[in-house]
Amino acid sequence: MIIARIVGTVVASQKDARLEGKKLLIVRPVNLDGTDTSGYVVAVDTVGAGFHERVLVVAGSSARLAQNMKDAPVDAAIVGVIDTVDVHLTDS
Amino acid sequence: MIIARIVGTVVASQKDARLEGKKLLIVRPVNLDGTDTSGYVVAVDTVGAGFHERVLVVAGSSARLAQNMKDAPVDAAIVGVIDTVDVHLTDS
Amino acid sequence: MIIARIVGTVVASQKDARLEGKKLLIVRPVNLDGTDTSGYVVAVDTVGAGFHERVLVVAGSSARLAQNMKDAPVDAAIVGVIDTVDVHLTDS
Amino acid sequence: MIIARIVGTVVASQKDARLEGKKLLIVRPVNLDGTDTSGYVVAVDTVGAGFHERVLVVAGSSARLAQNMKDAPVDAAIVGVIDTVDVHLTDS
Amino acid sequence: MIIARIVGTVVASQKDARLEGKKLLIVRPVNLDGTDTSGYVVAVDTVGAGFHERVLVVAGSSARLAQNMKDAPVDAAIVGVIDTVDVHLTDS
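Protein chains in written order, with the numbering used here: chain A, 621 to 712; chain B, 621 to 712; chain C, 621 to 712; chain D, 621 to 712; chain E, 621 to 712.
Take every hint as true, because none was put in to throw you off.
One copy or any two copies: either way a pair holds, since identical chains are not told apart in the list.
Using 20 Å as the maximum straight-line C-alpha spacing, the simulated EDC-like pairs for lysine to aspartate or glutamate come out as follows:
#: 1; residue 1: Lys643; residue 2: Asp706
#: 2; residue 1: Lys642; residue 2: Asp706
#: 3; residue 1: Lys690; residue 2: Glu640
#: 4; residue 1: Lys643; residue 2: Asp691
#: 5; residue 1: Lys642; residue 2: Asp703
In case anyone wonders, no lab produced these hints; they're calculated from the structure.
What you are looking at is a predicted structure, and each value in this text was computed from that prediction instead of being measured.
From just these sequences and the hints, can you work out the full model?
Right, here's the structure in full:
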């Protein structure tokens, strides 16, 4: 999984039937120092995350294991809203 | 999923039986500022998207969950035509 | 899927039983301008493609959906011989 | 699989029900010379690994084959604590 | 699949039960000119490959289709020992 920040939304009226009613959010992976990366992913929200919150994103076939995503054509899902990230980097 | 733009088509007469009748399109992932990236993916169209439209592309095994793609040897599918993308980037 | 060009072959006598009789080809992904990239993938041929032909390659679990690849330990398969690629790049 | 070092933890109270009780750790892939890379992955711990230990991380759908991860929306799991890594690089 | 060279071993006593008895090898992907890349993958050996041999490595869920790997939490498996690689690069 990766840590990402919600930065936008995607609206698509003409879409796969199994995406109906799904909330498609644009998330940016964040680095361990808290800065955003330059990439992005469109992920389906399954936990009611809010704008700019840091979230946990699962990718690949496991995104279909998120709540209500069974058999949906999705490859990325938000499965948690992150409270805290605790990182201790030391010399290896 | 990613946001991409349809830039071309691929024709292959000699192909896997389960690809018969499928429309193979070349799509370019787009950046959040709307510019195209330099990469591309060949994706099967499942929603009737038009040339140069911005589309939602799902990759990996989930592409087989797109309409009529069950058991097809595809790893990328167009599952939506994008109306609007709304992005708000702020200082992290 | 990606567009690639067949550039070589791999021979392995000591191998997984389910790879017996499979033709393992080395393919190079090609850019949209027709040039080869510097990478490569070993893909199993399922459509009788010829040397230096441009082919359609599917990756990941979907490679096992190619003809006769059910339950085979393969992650890339050639599923089409490409006749034409038509690309129109315009200002975004 | 990759070799990684545990460098942190992630806490998320609002999350997918199937992630309840799972320990989410931040791991950094390490290079063969023992140095850390700059990337990271959030992996679920399934073997009781300790802070800063070198661990074996499996990614993708196979993460769901780790102990107690069946049907969980996870794409990375710690499946071993590494005792020794023995590498001999020679001229190719 | 990729072509890689075996460069080391990983020992982990504390590990997932389904990894017991599996041989974990460190392999380096090789370029088409025969040189090693700087990356690496930990792959489970399923064909009795020897140190420094060039091998065929399958990644992702298909690694679980290698012999005796059913339901094992592995994402890379050695499925062949390579005898010869024949590459002909020409102007595209």
